[in-house]
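Chemist: Make the full structure from the sequences, and use the hints.
Protein chains in written order, with the working numbering: chain A, 30 to 455; chain B, 1232 to 1679.
Derived by calculation from the structure, the hints in this document are not laboratory data. One thing to keep in mind: the hints can contain errors.
In silico DSSO-like cross-links for lysine-lysine, where the CA-CA straight-line distance does not exceed 30 Å [claimed, not checked]:
#, chain 1, residue 1, chain 2, residue 2
1, B, Lys1640, A, Lys449
2, A, Lys181, B, Lys1294
3, A, Lys74, B, Lys1661
4, B, Lys1401, A, Lys74
5, A, Lys74, B, Lys1677
6, B, Lys1506, A, Lys74
7, A, Lys449, B, Lys1273
8, B, Lys1401, B, Lys1311
9, B, Lys1468, A, Lys449
10, B, Lys1418, B, Lys1468
11, B, Lys1661, A, Lys53
12, B, Lys1661, A, Lys42
13, B, Lys1311, A, Lys74
14, B, Lys1677, A, Lys449
15, B, Lys1661, A, Lys41
16, B, Lys1401, B, Lys1341
17, A, Lys74, B, Lys1464
18, B, Lys1577, A, Lys74
19, B, Lys1577, A, Lys41
20, A, Lys74, B, Lys1294
21, A, Lys39, B, Lys1661
22, B, Lys1464, A, Lys449
Listed here are the chains, written in short residue letters.
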Amino acid sequence: MQFLRNLIEKQKKLYHEPGSKLHKVWPLFDAFETFLFAPEHRAGKVGVHVRDYVDLKRVMNTVIIAMLPCLLWAIWNTGVQHFAAIDGLVKTGKLAADAYVQGWLQSFFPPNVAATTAFDNVIFGLQRMLPILIVSYGAGLGIEMMFSVIRKEEVSEGYLVSGMLIALIVPASIPLWQLAIGVALAVVLGKEVFGGTGMNIFNPAMLVRAFLFFAFAAQMSGDMVWVAGNGGAANVPGFLVDGYSAPTALAVVKVATGNASEALAAYGNGVYSHENLFFGNIPGSAGEMSKLAVLLGAFWLVLTGVGSWRVMAGGVIGLLASAFLIKTMSGAATGPISLEPYEQLLCGGFLFGIVFMATDPVSSPETATGKWIYGALIGFVTILVRTINPAYPEGTMLAILLLNAFAPTIDHFVISANIKRRLARA
Amino acid sequence: MTTHTIRRGFDVRLSGRPELALVDASEPQFVAVETAEFLGIKPKVLVKEGARVTTGQPLFLDKRDRTTTWCSPATGTVEKVELGARRFLLRVVIRVDAKEEFYACPRAPKDATRAQMAAALQGAGLWPLLVQRPIGRMPAIDIEPVAIFVNGMDTEPLASDPSFATRGQKDNLQAGVDALKRLTTGKVYVALRAGGEHNADLRSLSNVDVHEFSGPHPAGLVGTHIAHIRPLKQSEKAIAVRAQDVARIGEWARTGRYPARCVVAVGGSEAPARKYFRIRQGAPIAAVLGGQAPTGDVRILAGTVLNGTALAGDAWLPFRAATITVMQEGAGRRDLFGWALPQFGKLSASRSVFSWMFPNQEHEVDARLHGGHRPIVNIGSWESVTPLDLHPSYLIRAILANDIEEAVKLGLLEVTEEDLALCTFVDPCKTDVGAIIRQGLDMFEKEG
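Modeler: Below is the structure:
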């Protein structure tokens, strides 16, 4: 450790002093140094002389740990879904087992397509998730660092969470160039133009998804993109399994002509059984499939106090109550409205969104009351999009972005009440 | 008697608590009265170098009102009148004689009016012991306080316990309360720790309203007390005073002599002797640190780690000092992967640092920030340690935006830097919340 310290101290001379050779990129060196060693800052001469051990790095790291179950499940399930699709194609004779095209990682560890193992699943999952993570972090952190250098500020840790979130909320089949463009646009226009971490209005990761969703609809929606493969399909670039399509649970619900719950249960040999929906053995965006993994993350966030339990509780209550009210009041027995409220919670990315994305401290309200209202409204708007809107099966993304925009307004009303109480005393 | 329970807050548990033993410190050779503690005053020196002064004789006054004085805490000769930049008075140093004589301090008649009592306190050099709320500075001489808040508890880490420091001084406390009562048409409130020891004297005072507070820090701050006992309305002012200072004022009221001694608690992991010392006001701090201030990787504080001023080893006890804390400085200490490890032994109010699994730890701390400065990212930690009915993050933003009108609406005048010191402590972005609050209060005074 002392050896490492000395090594860094030696290098530091090149960067630290104003006027030194590499002083312009001092923020980069500082980011690297403080990644290893806590910074040297000490309290001033007046005021508070001892500080909490927690810093923003630890806060962000805590959130990343919370997302690990989702990431691990994403790696596993991406492989499982892939080989299930291949298996289906082979069995129906649409694909010959020896015509299977291997990806870059699989060329080192070739899969046994006829009888795949758990190892093959993991290898395929890594083959998709690693490039996505690298592109997401590479593009995002690169831009963050560039702006830090321009602003001559220490590099902020905010993007460490965003980068992971982005990887988990896009389909594993996404073309990497699209991801890179999405990340660059969202980070620059959604975050840096406002002044960087702490100043943004919208959750940057959600902006990436929204941008991709509207710019590259073919890769972000539909029935083909939720199971990743090794090659493109006709006219659709991406990492897809040619000739295979699987709608998400909510897409099944959206087009249901009869009772939605029954349609869901009846779809494809019970693919969307309650167990599968809960444990995540389903196609979907990379990280949001397993509700169990999300709940593990939620437990960790609430335990450590880093994620707001008020937003999460408000969101779940808001979703269940809205779904119940809209189902009861409309009296509809068919169509998306007829889905049971608890199934609304099991389907789609709402749970992931409310636990990991709505709780973003920067783009959500800061008052305790405001957090309840904000969470509940996200649940409400999600249900509105899912049931009333004719086009989109899923509404979580739009709900969170909309409520991000209204977060300051919600706080404004809570603060006004506080001011009125204060004036009432006068 | 009313009991108030504080729920939101945090007790900073440090090792090195001063033991409950009161000892007399040896008589110092020199004492000093300094101006640094009283920002904003314009001192005018009343004595010359070499002049003889008696205990309680005015040394300098505040040119702004010409009545508030600071008096000599000892009998002797003026050794030095130290001036700083622009010939601004820094301190008057006095060589202490063996034989003590007392200056005839001004006194107030038994049925003094508010103005008479205020003038007497100002002339006797005791006015600077009082603090005005809002703002948290020495009161203006013509203040008409709506209430007086006597603080008989302190929940800051390693702080002197006012109840213990005034134990056995019932007569002084009562006389002090009676004197202060003349300043206000309102009530005198005494705040005590619920179930606290040593506060029988304070509890049995007459002519006061006793309120009890339980719960974590900031249960023992006067800002919390005011908010729970009698919130101040717009343009109302109150006087806050600590129990130790009430006893000193009482001693003056009873005897007519300047109360030259105070009680100082010395604590902290690096303090040579952790005790309560009865000592002459303005003595060198070395006198309570075993004769020689510790050197090396230490930080000596007048006050506590949450509200203190770092002092040099050859500094003097400040006028209002009640606590001296000696902590580690932590220079050059760099934790490898400090942010990534669980950290079972580090002081934190956050459960992302896993020392919460061992809640009874007492921590040896140093002055490191444990992180870099970042823009404000509010994960709710400020709110979780603020029991007042206000939203700290919005208050801070209003001040940073120089919108003082909005800041006042958001409760700026209900706090001073000590009330939000815990926000500074818990903030993962290492924002100095207290400094911003003080900046806001200064702007308010300038504009108002």
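Chemist: So, for every hint listed, does it hold in this structure?
Modeler: Status of each hint after checking the structure:
1. Lys1640/B with Lys449/A: holds (9 Å)
2. Lys181/A with Lys1294/B: violated (45 Å)
3. Lys74/A with Lys1661/B: holds (15 Å)
4. Lys1401/B with Lys74/A: This hinted pair is violated, its Cα atoms lying about 37 Å apart.
5. Lys74/A with Lys1677/B: holds (24 Å)
6. Lys1506/B with Lys74/A: At roughly 24 Å apart (the allowed maximum being 30 Å), lysine 74/A and lysine 1506/B satisfy the hint.
7. Lys449/A with Lys1273/B: violated (39 Å)
8. Lys1401/B with Lys1311/B: violated (37 Å)
9. Lys1468/B with Lys449/A: holds (21 Å)
10. Lys1418/B with Lys1468/B: holds (13 Å)
11. Lys1661/B with Lys53/A: holds (24 Å)
12. Lys1661/B with Lys42/A: Answer holds: lysine 1661/B to lysine 42/A is near 26 Å, not above 30 Å.
13. Lys1311/B with Lys74/A: It holds: about 26 Å lies between the C-alpha atoms, which stays within 30 Å.
14. Lys1677/B with Lys449/A: It holds: about 26 Å lies between the C-alpha atoms, which stays within 30 Å.
15. Lys1661/B with Lys41/A: holds (23 Å)
16. Lys1401/B with Lys1341/B: Holds. Lysine 1401/B to lysine 1341/B sits at ~19 Å (cutoff 30 Å).
17. Lys74/A with Lys1464/B: Roughly 34 Å between the alpha carbons, so the hint for lysine 74/A and lysine 1464/B is violated.
18. Lys1577/B with Lys74/A: holds (22 Å)
19. Lys1577/B with Lys41/A: OK: lysine 1577/B and lysine 41/A at ~28 Å, within 30 Å.
20. Lys74/A with Lys1294/B: Given pair lysine 74/A, lysine 1294/B holds - Cα atoms ~28 Å apart, limit 30 Å.
21. Lys39/A with Lys1661/B: Distance ~27 Å between lysine 39/A and lysine 1661/B Cα, so the pair holds.
22. Lys1464/B with Lys449/A: holds (13 Å)
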